[in-house]
Structure formats: structure tokens, C-alpha cells
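The lines below spell out each chain.
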Amino acid sequence: MKKTIFTYLLFFASLITLFSIFVSAENCRYHDEAELLNSSQADYLENALQDIYDIHKADVFIVVVEDLGHQSARSYANKIFRTETGTDDAKKSGVVLILSMEERDWHVYAYGIARYIFTDQVIDSVMEVLVSDYLSKNDFYNGFIGFANQCHAYFFRTYERIENEYANGDDPSLDDTPPSMGTCILIALSVGLVTAIVTVSILISQLKSVKSARDASGYVKHDSFALTESRDIFLYSTVSRSARSQSSSGSRSRSGGRSGKF
Amino acid sequence: MNTIKEYKCPCCSGAISFDVESQKPKCLYCDTEFEIEALEDYNEELSTPEKEPEWNVSPGGAWQDGESERIHTYSCRSCGGEIAADETTAATSCPFCGNPIIFTGKMSKELRPDLVIPFKLDKNAAKEALKKHFKGKKLLPKAFAKEAHLDEIKGIYVPFWLFSADTVSKTRYKGTRVSHWSDSKYNYTKTSHFSLIRGGRLDFQHIPVDASSKIVNDLTESLEPFYINDAVDFETAYLAGYLADRYDVSADDGIIRANERIKNSIISEFEKTTVGYIGTHCTSCNYDFLDNSSKYALFPVWLLNTSYKDKNYLFAMNGQTGKMVGDLPLDMGAFWRWFLGAFGIAFALASLIIYGIYFL
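Order-wise, the sequence lines are chains B and P.
Start counting the first sequence at 1; every next residue gets the next number (the numbering used here).
Start counting the second sequence at 1; every next residue gets the next number (the numbering used here).
Where hints are given, some of them may not hold.
[Claimed, not checked] What the simulated footprint calls covered on chain B by chain P, stretch by stretch (three residues with Cβ under 8 Å from a Cβ of chain P suffice, anywhere in the stretch; the number is not a length):
1. 29-38
2. 189-195
3. 226-240
[Said to hold, decoys possible] List of simulated lysine-lysine pairs, DSS-like, C-alpha gap at most 25 Å:
4. K208/B to K132/P
5. K142/P to K323/P
6. K154/P to K131/P
7. K221/B to K170/P
8. K272/P to K221/B
9. K211/B to K127/P
10. K211/B to K131/P
11. K131/P to K208/B
Please keep in mind that the hints were generated in silico from the structure rather than gathered at the bench.
Ideal Cβ placement from N, Cα and C applies to all residues, glycine included.
Pulled out of the complex, with its shape left as it was, chain B reads as follows:
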């Protein structure tokens, strides 16, 4: 008995450990593998990014990596956004800037409502200035602060307008943004529950062998079946319809992410 209890405790402990994958780490908006900034600069930048969240409820992340390795920039950005946002709100919005030092690539991805603010044109225009004035000259601190300021300015100017459009139709947060932790847990729990119920139902059915015969199909004389009458009579029909979802208007564009060199 004790062995069984211990076994199950160990098993569920391992499940909980697995779930630490989904649990977000301490909410940190500036990640720097290359240590481009000193600690005071990093703190200042972190505060600036936090201010953007406090005012606009939008998460802006700046991530510096030596190189992305086998991962795509998009999947890396997804991972950062998902694990660092620390909120289950399906409407979460934000921007991720990734600098890959070895290739000297920059990547910008927007999520949620921010994709309608940081369109490809906006990202290109912002990064053109930042790259030419700061990043290409290795002035990363001013480049990052400039990026934060630009984010703040764009959110400030267009956030309310976009929120109205969002309320009227197409939910921009659902396409590429990973599901919330709550949704992931719910899906995994449902899969586990269904599997367990199906498994034990099959095993219980093995114990039951007494059941009445539904019909006498086993006692039908061979070749005695003869169909002598067959009529299909139409009675009536019903027609229902549902509105098709409207496609995005041509004037409203959104970003799929941009990349460049610095």
C-alpha cells in the first residue's frame, strides 16, 4: 500500500515538474546573452519596458542572443513572448525585438493588437532609423531605449483606434500567438481524462459477458431475404444558413514579422 502511494506521489511529482515548462519565469523584459549593457543601463531599460506595460498593457521584449542556433527567429520570439508575459489574457499584445550578434541580424515580431500597430511599414521605418543611428555603430543602449520610446509613441497614438476595430470583428490575437497556460493545461487534462475513461471502460467490459441477444440474425435462413417493395418518398426539406466571416479589409494590414541586418 505504502509502495503504491509512494509510486503515485513520485509520478505526479514528475508531472508537476513537466509542467514547469509552461510556468513562466520571473517576468523579465530584457534578456542579454552578450552582456551589451551594464547593470544600471539594463535596469533603466527594464524599467522603461515595464512602464510601457503599465501604461498600455502591452509587453515589449528586447532579447540579445549570440546566435539562434537551429531555432527560427519566429519560434524563439514565440517562446519568449509566451513564457514571459505572465498573463492568461487572450487579448495580450506586445512586441519582441531579437538581436542575433553573430549574424548581426535583427528580428521584430508583433503579437495581438500590436500587429495592427506595428505593421511591416512601421517596423521598417523604426528600425531603419535605429540601425543607422545606433545599432550599426554598436550603440546598443541608445538603440534599445530608442526602440522602447518608439513603441511607447506608437501605442500611445493608435491603441484606442485599433481596439475599436478589434471589438468589431477579426480577433488578431488568435492566429500565431501560442495558447495561454490555462488553455494548455485544460487540453492536456481533457486528453488525459478521455484516455483514462476509455481505457477503464474497455477493461470493465472484459468482466461482463452476460447480455441478452438483441435480435435473431443468427437464425435467419440462408438466402431467405427478399426485398419485394422499396419506395423512397420525399416529405419536406429545410434550409438553414449562417453568415460567412468577413475577410480583412484591404486597408487594414498587419505585421507578420520583419528582419534585417545592423
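Go by the hints and put chain P onto chain B.
For chain P alone, coordinates are given in the frame of chain B:
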């Protein structure tokens, strides 16, 4: 005076009246229009009640001179069971409840069975089949197979009424066909409802109905099939060494069960011809007999009584085919181990897959 016909709407069962504009019958409540033929046919179905056909039941025969003298009858005061045995067979305990039985007389007024399927498998085969029945059952208490005490094992001929019938039938079903299309603004779904009429012939041979109330019908039907090809004309010699349960369910009462099974077979066989429809269900089934007959037969069954934790478990084996049936107890500890184990593994796998899809 002509009888006035009232028509009911196949869609909502509302009243129908003839619509002058469309020149078609139309429902006053749901505005659905119908073709005349469809409406006539639908209402003919409603006005034709289902009726059960009549059987010519006369199974069994009369005992030959001196034959019945060799069969003794016994009665159990505990469960009321009545059994018969050859005069050379010592019957001392009831095969149904295990209590002592008393001799009550000789079989004389009973019907003589028409057929018997002799025992093909012996007591040892029954014991082996019981052991095999326990194997591979993950939720069976492990102690049950070890500790279950085989109290009694008895070979008994169970009385059956065998019903044969050549049927002609007319069944009606309702089915639907669904089509989809779209335009620039809407997605459309059209559901068309049909009345499907099927008629024809289907013949049945030797449908067995348990003629003893001592053994539940579920148990005897679970033992099927019994292959009538092995049946022989009844002789008292076949009873030697075995018990025979006496019938206490009349053939007229057995007809009820036979009719149920025949009707279900007719509905399912003719439903197979309704191709291309979804959600098909039977709305009426009428059948009659071109010919019918019945017989009284004895079929071989091994009854095994076991006890475990002061509870009795009855198992039965078809004495012809060796099929073993009997419900087994459930080990709740094993149930929860399997439930939590399956849940944990599926949960962990689902978590890994979700992580792999979204975060790698």
C-alpha cells in the same frame, strides 16, 4: 356517411389544409408544403397500427409407453426449482441454489421434448474453460482466481422453445439527406426528409427462447449459438448422468421474446437497404407469417457455482460449443491504478506534444 380524414404534418404534427395559392397541402403551423402522395402515404402509416402476428404453437409430444416412468422429478424447497433426472442419476442438490432437493414423482404430464443436443464437452472441459475465463482480465481481483471456491458443477439440460417462422413484412423508416453550398455571404445547409418504405420476406429457423424461469434469459442468450445440426430426436437415455430443468415458462409466454427478436431482425435487415441516407430510424414495422412452427428442445449447459467473499457467482458453459459466460467482480484498487496510470501517461504525452508544437 363518409369518414372525414384528418391529415397530420410530418414535420410538426400540426393540422394540414389545402393551400389555394400553391395548390398543395400546407401545414397551418410550420408553413411546410407537401406533395399529395407523400401526405397520403405518411398518414396511411399513422393509421395502420402495429400488430403482432399469431403463432400456431404446439411444441412437444406425448411420452411413449413406459418412457416417462424412467424419469424422476425433484423439487427444491429453497428456490422452487424443479428438475428431472434419469432414474439411474442420483440428484441430491439443486443446481441453481445448491440446497437439497426432494423427489416428487415421475414425469408423466409434462410434454415430451422434440429434440435434444447431447453434451459434447465433459466436466473437466468446463473446469478448464472456467480457468480460461479468468485469464487476461486486468480488473479481476487477483485473489478471485486463486480463492474462488468451485462449490458445484452440474451438467443440466435447459429447456428451450424453438420458434421457426417465414415472415412477410412492411417497414417504414425516416431518413435524411444533407447538402451544403455557399455564396459570397452565407453558408447554406439543406436537409431533406424522406419516408422510406421497405417490404419483403425473411425466414427464421429455430429461434431459441429459454423455457425455464430459474435461469435468467440473459445468461442463456449469452450462451448462444446452439447449433441445431447436432440435435437429435429425444431419447431418455440422453439424460443419464445429467439433470434436466423442467419448463415453467409456457410456449405462449415464450412467443413474446421470439416476436421481439424477429421484429428487431426484420428492422435491421431491411434498414441495410436504405442506402444514402443519414439518421435513419424505423417508424413502424408490420409483419405476418406465411408459416410458423415451434418445438420443445433440451440444450446442454454446464452450471458452475462459485463463492468469493461470501458472494455467489454463477457461470455457465455451453455444453456443445464450450462458450463460457458469467460476470466477474471488479477490483476497485486495480480500477483506480489503471485510471490514474492512463490519465498520467496521456496527460504527460499531451503536455509534451503541446510544448513541442507551440514552443519549439
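Restraint status (C-alpha distance of K211/B to K131/P at most 25 Å): Distance ~21 Å between K211/B and K131/P Cα, so the pair holds.
Check of the region 29-38 of chain B against chain P for coverage (Cβ-Cβ below 8 Å, three residues minimum): violated (count 0)
Proposed proximity, K323/P with K142/P (alpha carbon, max 25 Å): Holds. K142/P to K323/P sits at ~23 Å (cutoff 25 Å).
Straight-line alpha-carbon gap K221/B to K170/P, limit 25 Å: OK: K221/B and K170/P at ~19 Å, within 25 Å.
Straight-line alpha-carbon gap K131/P to K208/B, limit 25 Å: holds, 16 Å
Given hint K131/P paired with K154/P - CA-CA distance at most 25 Å: holds, 16 Å
Restraint status (C-alpha distance of K208/B to K132/P at most 25 Å): holds, 15 Å
Given pair status - K221/B, K272/P, alpha carbons within 25 Å: Measuring from Cα to Cα gives roughly 17 Å; hence the hint holds.
8 Å C-beta test of the region 226-240 of chain B against chain P, three or more residues: holds (count 15)
Hint consistency between K211/B and K127/P [alpha-carbon to alpha-carbon, up to 25 Å]: holds, 22 Å
Given coverage of the region 189-195 of chain B by chain P, tested with a Cβ cutoff of 8 Å and a minimum of 3 residues: holds (count 6)
Hint 1 alone, counting from the list given before, is not met by this structure.
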